[in-house]
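Visitor: Residue numbers in the sequence shown follow numbering that gives the first Met the number 0, run continuously in steps of one, and reach 199 at the last position.
Each hint should be verified, as a subset may be incorrect.
What the hints assert, rightly or not - Pairs of lysine-lysine, DSBU-like flavour, derived with a Cα cap of 35 Å:
| hint | residue 1 | residue 2 |
| --- | --- | --- |
| 1 | K38 | K79 |
| 2 | K131 | K117 |
| 3 | K37 | K79 |
| 4 | K38 | K117 |
| 5 | K52 | K37 |
| 6 | K64 | K38 |
| 7 | K79 | K51 |
| 8 | K79 | K61 |
| 9 | K106 | K61 |
| 10 | K79 | K52 |
| 11 | K131 | K52 |
| 12 | K75 | K47 |
| 13 | K75 | K52 |
| 14 | K52 | K62 |
| 15 | K131 | K75 |
| 16 | K106 | K47 |
| 17 | K64 | K106 |
| 18 | K75 | K37 |
| 19 | K75 | K61 |
| 20 | K37 | K64 |
| 21 | K62 | K51 |
| 22 | K155 | K64 |
| 23 | K148 | K131 |
| 24 | K62 | K75 |
| 25 | K147 | K61 |
| 26 | K143 | K155 |
| 27 | K166 | K155 |
| 28 | K64 | K51 |
| 29 | K52 | K64 |
| 30 | K61 | K138 |
| 31 | K51 | K38 |
| 32 | K38 | K148 |
| 33 | K155 | K47 |
| 34 | K138 | K148 |
| 35 | K117 | K62 |
| 36 | K62 | K79 |
| 37 | K47 | K79 |
Hints in this document: simulated from the structure, not taken from any laboratory.
Just so we're clear, the structure is a prediction, and the values are computed from it rather than from any experiment.
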Amino acid sequence: MKQFGKYRILWIVLCVISVGLLAITWFVGTAPQINNIKKANAETAEVKENNKKLQNEIDELKKAKQTIGEKEESLKNLQKQVPTDYSQDEFFDMIGSAAASTGVSVKAINFTAPADAKVPSTVSGSITGNLKQIPVTIKAEGTKDQMKKFVDAIQKIDRILVPSDVKYTINSVSGNGSSTTSDSVDITCNIWSLLNSSGN
0 MKQFGKYRIL
10 WIVLCVISVG
20 LLAITWFVGT
30 APQINNIKKA
40 NAETAEVKEN
50 NKKLQNEIDE
60 LKKAKQTIGE
70 KEESLKNLQK
80 QVPTDYSQDE
90 FFDMIGSAAA
100 STGVSVKAIN
110 FTAPADAKVP
120 STVSGSITGN
130 LKQIPVTIKA
140 EGTKDQMKKF
150 VDAIQKIDRI
160 LVPSDVKYTI
170 NSVSGNGSST
180 TSDSVDITCN
190 IWSLLNSSGN
């Protein structure tokens with residue numbers, strides 16, 4: 000009986016030592032490794048999320064790059080309509096092209112001093128720069144049909160041009176027993192320029 004008790008105590012001691020060793024192994028070796036794995040998994044998930052966000056940004060930039068040419072072309076067209084300077088030479092060329100395509104003869108193009116453009120208050124806050132309105136008068140000669148086509152053509156040029164008054168004059172001229180007709184049109188209109196903030 001004493002022998003059995005002795006072995007029982009020995010087994011209990013061995014069990015306690017084994018549990019202790021398992022506990023030490025857990026806290027010293029296994030638990031830190033599990034924590035490291037959890038931490039590594041969390042960091043991996045964070046990296047994947049950051050990579051996903053970065054990839055989305057790259058995809059957006061690629062899309063923007065594909066449309067940048069279209070936007071630049073659109074900007075050029077807008078700058079033709081309302082240039083950043085007075086661009087009188089370009090304006091003369093546009094009027095000359097309209098005259099050539101309709102058969103009229105341009106006799107005069109007169110510019111009046113530019114003034115600050117009058118725009119609605121709801122729009123003025125969104126304008127960056129100094130928007131100038133330039134009154135222009137154009138005189139051209141040709142047949143009545145040619146002049147009507149000319150008035151229509153100048154409203155379709157690249158630069159925004161808005162007529163405020165169009166006056167047709169038909170003159171009968173007699174000489175040497177023959178009668179001819181000299182027709183003319185006087186157009187009063189406005190064009191615009193968007194100067195920088197310090198522009199005059």
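Visitor: Look at each hint and say if it fits the structure.
Guide: Now the hints, each set against the structure:
1. K38 with K79: Measuring from Cα to Cα gives roughly 60 Å; hence the hint is violated.
2. K131 with K117: holds (9 Å)
3. K37 with K79: Judged against 35 Å, a Cα distance of about 62 Å means the pair is violated.
4. K38 with K117: The hint is violated at about 65 Å.
5. K52 with K37: Satisfied, since the Cα-Cα distance of roughly 23 Å is no more than 35 Å.
6. K64 with K38: It is violated: about 39 Å lies between the C-alpha atoms, which goes past 35 Å.
7. K79 with K51: violated (42 Å)
8. K79 with K61: holds (28 Å)
9. K106 with K61: At roughly 52 Å apart (the allowed maximum being 35 Å), K61 and K106 break the hint.
10. K79 with K52: violated (39 Å)
11. K131 with K52: violated (45 Å)
12. K75 with K47: Violated. K75 to K47 sits at ~41 Å, over the 35 Å cutoff.
13. K75 with K52: holds (34 Å)
14. K52 with K62: holds (15 Å)
15. K131 with K75: holds (19 Å)
16. K106 with K47: violated (71 Å)
17. K64 with K106: violated (47 Å)
18. K75 with K37: Outside the cut-off at roughly 56 Å; violated.
19. K75 with K61: Distance of about 22 Å is within 35 Å: holds.
20. K37 with K64: Violated, because 40 Å separates the two Cα atoms, which is more than 35 Å.
21. K62 with K51: Distance ~17 Å between K62 and K51 Cα, so the pair holds.
22. K155 with K64: Satisfied, since the Cα-Cα distance of roughly 31 Å is no more than 35 Å.
23. K148 with K131: Holds, because 28 Å separates the two Cα atoms, which is no more than 35 Å.
24. K62 with K75: holds (21 Å)
25. K147 with K61: Violated, at roughly 48 Å.
26. K143 with K155: Measuring from Cα to Cα gives roughly 19 Å; hence the hint holds.
27. K166 with K155: holds (19 Å)
28. K64 with K51: holds (20 Å)
29. K52 with K64: Cα-Cα ~18 Å, so holds.
30. K61 with K138: violated (51 Å)
31. K51 with K38: holds (20 Å)
32. K38 with K148: Violated. K38 to K148 sits at ~78 Å, over the 35 Å cutoff.
33. K155 with K47: violated (54 Å)
34. K138 with K148: With a Cα-Cα distance of about 14 Å, the restraint between K138 and K148 holds, given a limit of 35 Å.
35. K117 with K62: violated (38 Å)
36. K62 with K79: holds (26 Å)
37. K47 with K79: Distance ~47 Å between K47 and K79 Cα, so the pair is violated.
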